[in-house]
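From first to last, the protein sequence lines stand for chains B and S.
Okay, so the first sequence: first residue is 1 according to my numbering, each after it adds one.
Okay, so the second sequence: first residue is 1 according to my numbering, each after it adds one.
It should be emphasised that the hints constitute simulated quantities derived from the structure, not laboratory data.
In this text, all values refer to a predicted model and were calculated from it rather than measured experimentally.
Treat each hint with caution, since some may be false.
Unchecked claim - Reference listing, derived: stretches of chain B covered by chain S, where coverage requires no fewer than 3 residues with Cβ under 8 Å from a Cβ of chain S:
hint: 1; region: 160-170
hint: 2; region: 450-463
To be verified - Label-pair distances were calculated between CB atoms; the ranges are:
hint: 3; chain 1: S; residue 1: 124; chain 2: B; residue 2: 375; range: 21 to 29 Å
hint: 4; chain 1: S; residue 1: 86; chain 2: B; residue 2: 458; range: 24 to 32 Å
hint: 5; chain 1: S; residue 1: 37; chain 2: B; residue 2: 16; range: 53 to 61 Å
hint: 6; chain 1: S; residue 1: 102; chain 2: B; residue 2: 16; range: 41 to 49 Å
hint: 7; chain 1: B; residue 1: 494; chain 2: S; residue 2: 129; range: 21 to 29 Å
hint: 8; chain 1: S; residue 1: 129; chain 2: B; residue 2: 210; range: 50 to 58 Å
hint: 9; chain 1: S; residue 1: 37; chain 2: B; residue 2: 290; range: 51 to 59 Å
hint: 10; chain 1: S; residue 1: 86; chain 2: B; residue 2: 496; range: 28 to 36 Å
hint: 11; chain 1: S; residue 1: 128; chain 2: B; residue 2: 9; range: 55 to 63 Å
hint: 12; chain 1: S; residue 1: 8; chain 2: B; residue 2: 280; range: 52 to 60 Å
hint: 13; chain 1: S; residue 1: 86; chain 2: B; residue 2: 444; range: 38 to 46 Å
hint: 14; chain 1: S; residue 1: 9; chain 2: B; residue 2: 282; range: 48 to 56 Å
hint: 15; chain 1: B; residue 1: 402; chain 2: S; residue 2: 132; range: 45 to 53 Å
hint: 16; chain 1: B; residue 1: 253; chain 2: S; residue 2: 125; range: 48 to 56 Å
Note that CB positions come from ideal geometry on N, CA and C, so glycine has one too.
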Amino acid sequence: MVLENPGEYPYTRGINPSAGVWTMGQYGGFGTPTETNARFRMLLDQGLTGFSVALDLPTQLGLDSDDPLSLGEVGRVGVAIDSLADIEILMEGIPLEKISQVRTTANSIGYIWAAMFIALAERRGIDPNKFGMFIQNDVLKEYVARGTQIFPAEAGLKLSVDVIEYLTANIPNWVPLAMSGYHIREAGSTAVQEIAFTFANAREYLDRALLRGVSVDAVAPTLFTFLSSNIDFLPEVAKFRAARRVWAKLMREKYQTKNPASEKLRIFAFTAGSSLTAQQSMNNVVRTSIEMMAAALGGIQTMHVSAFDEALGVPTEEAATLALRTQQVVAFETGILNTADPLAGSYELERLTDSLESDIWKLLESIEKRGGALECVNNGYFVNEISENAYQLTAAIESGIKKVVGVNVFQSDSAPFKQFEINPASESDQVKALKQVKEKRDNKAVQESLINLFNVATSGENIIEATVRAVKNYATVGEIVGELRKVYGKWQPTKIF
Amino acid sequence: MAQNPQLAPIRVVVAKPGLDGHDRGAKVVARALRDSGCEVIYTGLHQSPEQIIATAIQEDAQAIGLSILSGAHMSIFERILTLLKENNAQNIVIFGGGIIPEADRQALKDKGVGEIFTPGATTQEIITWLQNAVGANSK
Chain B
1 MVLENPGEYP YTRGINPSAG VWTMGQYGGF GTPTETNARF RMLLDQGLTG
51 FSVALDLPTQ LGLDSDDPLS LGEVGRVGVA IDSLADIEIL MEGIPLEKIS
101 QVRTTANSIG YIWAAMFIAL AERRGIDPNK FGMFIQNDVL KEYVARGTQI
151 FPAEAGLKLS VDVIEYLTAN IPNWVPLAMS GYHIREAGST AVQEIAFTFA
201 NAREYLDRAL LRGVSVDAVA PTLFTFLSSN IDFLPEVAKF RAARRVWAKL
251 MREKYQTKNP ASEKLRIFAF TAGSSLTAQQ SMNNVVRTSI EMMAAALGGI
301 QTMHVSAFDE ALGVPTEEAA TLALRTQQVV AFETGILNTA DPLAGSYELE
351 RLTDSLESDI WKLLESIEKR GGALECVNNG YFVNEISENA YQLTAAIESG
401 IKKVVGVNVF QSDSAPFKQF EINPASESDQ VKALKQVKEK RDNKAVQESL
451 INLFNVATSG ENIIEATVRA VKNYATVGEI VGELRKVYGK WQPTKIF
Chain S
1 MAQNPQLAPI RVVVAKPGLD GHDRGAKVVA RALRDSGCEV IYTGLHQSPE
51 QIIATAIQED AQAIGLSILS GAHMSIFERI LTLLKENNAQ NIVIFGGGII
101 PEADRQALKD KGVGEIFTPG ATTQEIITWL QNAVGANSK
């Protein structure tokens with residue numbers, strides 16, 4: 001068997017010649033910006049090199065905290081952001097330039113998130129290229145797996161490409177797109193679908209950015225992919241290797257890339273939330289340890305380990321800390337970083353890698369024949385394929401074919417469980433803060449900048465600069481999205497299952 | 001899993017209220033209910049309580065199953081129950097599932113929610129419960 005070398009095309013064995021410690025990023029955020037700011041400071045003190053900002057659902061869906069649809073959701077699954085004032089509080093006392101990577105779940109509102117941090121950097125007098133911002137901005141997977149879509153898919157795609165186009169030209173140090181397979185896998189897909197659907201979506205963004213004159217060798221090196229690390233140990237190690245190989249070949253063969261960095265797939269791995277169980281929840285510590293070993297052996301660049309209590313609610317501080325410690329134990333005690341791609345040459349791993357690669361190519365070709373990713377989003381193909389597999393997985397667990405400890409084998413009573421409590425006052429505090437912002441700001445300037453945004457959007461031009469202008473005047477997320485809804489219309493829910 | 005052919009199939013609305021986009025569980029339950037012989041209407045994402053009640057009444061549903069993983073369950077279930085009362089539609093059985101803490105589960109049942117299924121409930125448990133609940137409610 002002839003082995004490839006780590007750090008060499010097609011990068012199956014890793015994008016670097018030797019192994020190195022990954023960025024340990026834990027996902028977090030809840031309540032008001034003040035509460036989340038305190039938690040981030042605590043995590044930074046504990047040695048985090050990158051961190052993420054979870055956003056609440058109203059923010060992700062472009063609704064203000066005082067919107068009737070936001071009732072009961074403000075500050076629940078992440079922090080509430082209504083205006084730039086909230087970002088100023090969120091980042092208070094946190095030196096942006098010392099953080100390698102701030103990640104966020106802004107997708108349908110990726111352009112607003114980018115605008116807010118551009119505005120914050122300007123107010124602090126910092127070049128935004130001096131810190132790292134990682135904007136998920138992958139709106140297509142929202143329509144098929146994650147569910148925070150706002151506009152029809154064509155308009156959502158246009159806005160994601162606006163972010164990619166603007167950042168590639170102006171802030172190349174930021175990640176303008178995290179090509180996300182994680183949510184597709186969590187919604188129930190196979191590993192092959194996870195990679196193929198994700199890369200098909202990525203091709204839609206790339207093709208449109210290239211049509212606007214962006215060079216593939218300027219944009220591709222700035223991208224990340226965001227993948228699940230699931231419980232199927234060896235197939236998951238192989239998946240990371242196969243994904244890198246497919247990406248490298250896709251870039252070289254289909255996009256004629258000249259820059260080697262374009263061909264090196266940077267991976268952010270996140271242990272699979274759907275593999276965790278509410279029953280015997282301490283078992284989840286064992287599951288996530290194995291899942292993160294798979295990611296580490298698969299040669300990823302950034303990692304999040306899920307907290308053991310995620311199947312029950314927002315993680316407690318104790319569980320979030322244990323998840324970070326799990327990463328630190330694996331990285332620094334086991335010697336796993338001594339060798340790049342240490343499992344290479346194993347008969348089964350190489351066979352799985354080749355087999356996954358071949359299946360991913362077949363599915364990518366099939367998607368292309370169906371008209372590409374946007375078409376497969378709109379006609380329900382992606383959604384139906386994922387739902388079908390999710391149903392099969394449930395059936396396999398319920399029939400006992402797939403064994404899950406504590407669920408269908410070796411059941412026992414679980415110990416009572418300490419849960420994270422959301423501060424019940426967070427929602428009303430946030431609504432009050434929003435009211436104050438609206439009273440203090442220059443409302444004439446807000447209106448002018450919103451009209452400008454409407455005009456730019458109507459013209460079809462890139463809306464980032466117009467959004468930055470509105471954000472600086474403390475226009476709210478809801479106002480900005482409301483203005484654009486007049487231009488693009490609303491997404492209509494699909495009722496298929 | 002087939003129902004008694006003598007009986008008309010149960011009509012059930014499976015709904016995703018609020019802003020939560022996680023519909024894997026809702027769709028698996030919807031499909032399992034359909035496979036068991038129920039007539040299932042799935043609302044799709046981002047439905048307001050008003051829209052869900054309107055759908056249930058329009059579709060002449062006997063039950064509404066709500067899936068919520070975002071933590072907004074207390075506000076949403078309470079609104080649904082109020083709307084049922086206002087529309088004189090309390091004969092519709094309400095059940096739900098998602099990430100719902102034990103204390104809230106009991107509180108919701110005390111308010112009139114028929115059952116809350118949490119992670120680990122099987123589709124067969126849900127089907128059996130629904131058949132009994134709808135049967136008992138129509139007597």
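Mind checking the hinted window 24 to 32 Å against the Cβ distance between residue 86 of chain S and residue 458 of chain B? violated (41 Å)
Mind checking, does the region 160-170 of chain B have 3 or more residues with a CB under 8 Å from chain S? violated (count 0)
Can the suggested window of 38 to 46 Å be confirmed for the beta-carbon pair residue 86 of chain S and residue 444 of chain B? Between residue 86 of chain S and residue 444 of chain B, where Cβ atoms are some 42 Å apart, the hint holds.
With respect to the beta-carbon atoms only, verify the hint that residue 129 of chain S and residue 210 of chain B lie 50 to 58 Å apart. Holds, since residue 129 of chain S and residue 210 of chain B (Cβ atoms, about 54 Å apart) stay within the stated range.
Is it true that residue 8 of chain S and residue 280 of chain B lie within 52 to 60 Å of each other by Cβ? violated (41 Å)
Honestly, do residue 9 of chain S and residue 282 of chain B meet the 48 to 56 Å range at C-beta? For residue 282 of chain B against residue 9 of chain S, whose Cβ atoms are near 42 Å apart, the range 48 to 56 Å is violated.
Should the hint that residue 86 of chain S and residue 496 of chain B are 28 to 36 Å apart at their CB atoms be regarded as holding? holds (31 Å)
Please check whether the region 450-463 of chain B has three or more residues whose CB lies within less than 8 Å of a CB on chain S. As far as the region 450-463 of chain B goes, the hint is violated, because 0 residues have Cβ atoms under 8 Å from chain S.
For the range 21 to 29 Å, tell me whether the beta carbons of residue 124 of chain S and residue 375 of chain B fit it or not. violated (37 Å)
Could one say that the CB atoms of residue 102 of chain S and residue 16 of chain B fall in the range 41 to 49 Å? 47 Å Cβ-Cβ, so the 41 to 49 Å window holds.
Is 21 to 29 Å a correct range for the gap between the Cβ atoms of residue 494 of chain B and residue 129 of chain S? holds (28 Å)
Is it true that residue 37 of chain S and residue 16 of chain B lie within 53 to 61 Å of each other by Cβ? Check passed, 56 Å falls within 53 to 61 Å.
In terms of the numbered hints stated before, the structure departs from hints 1, 2, 3, 4, 9, 12, 14 and 15, listed from lowest to highest.
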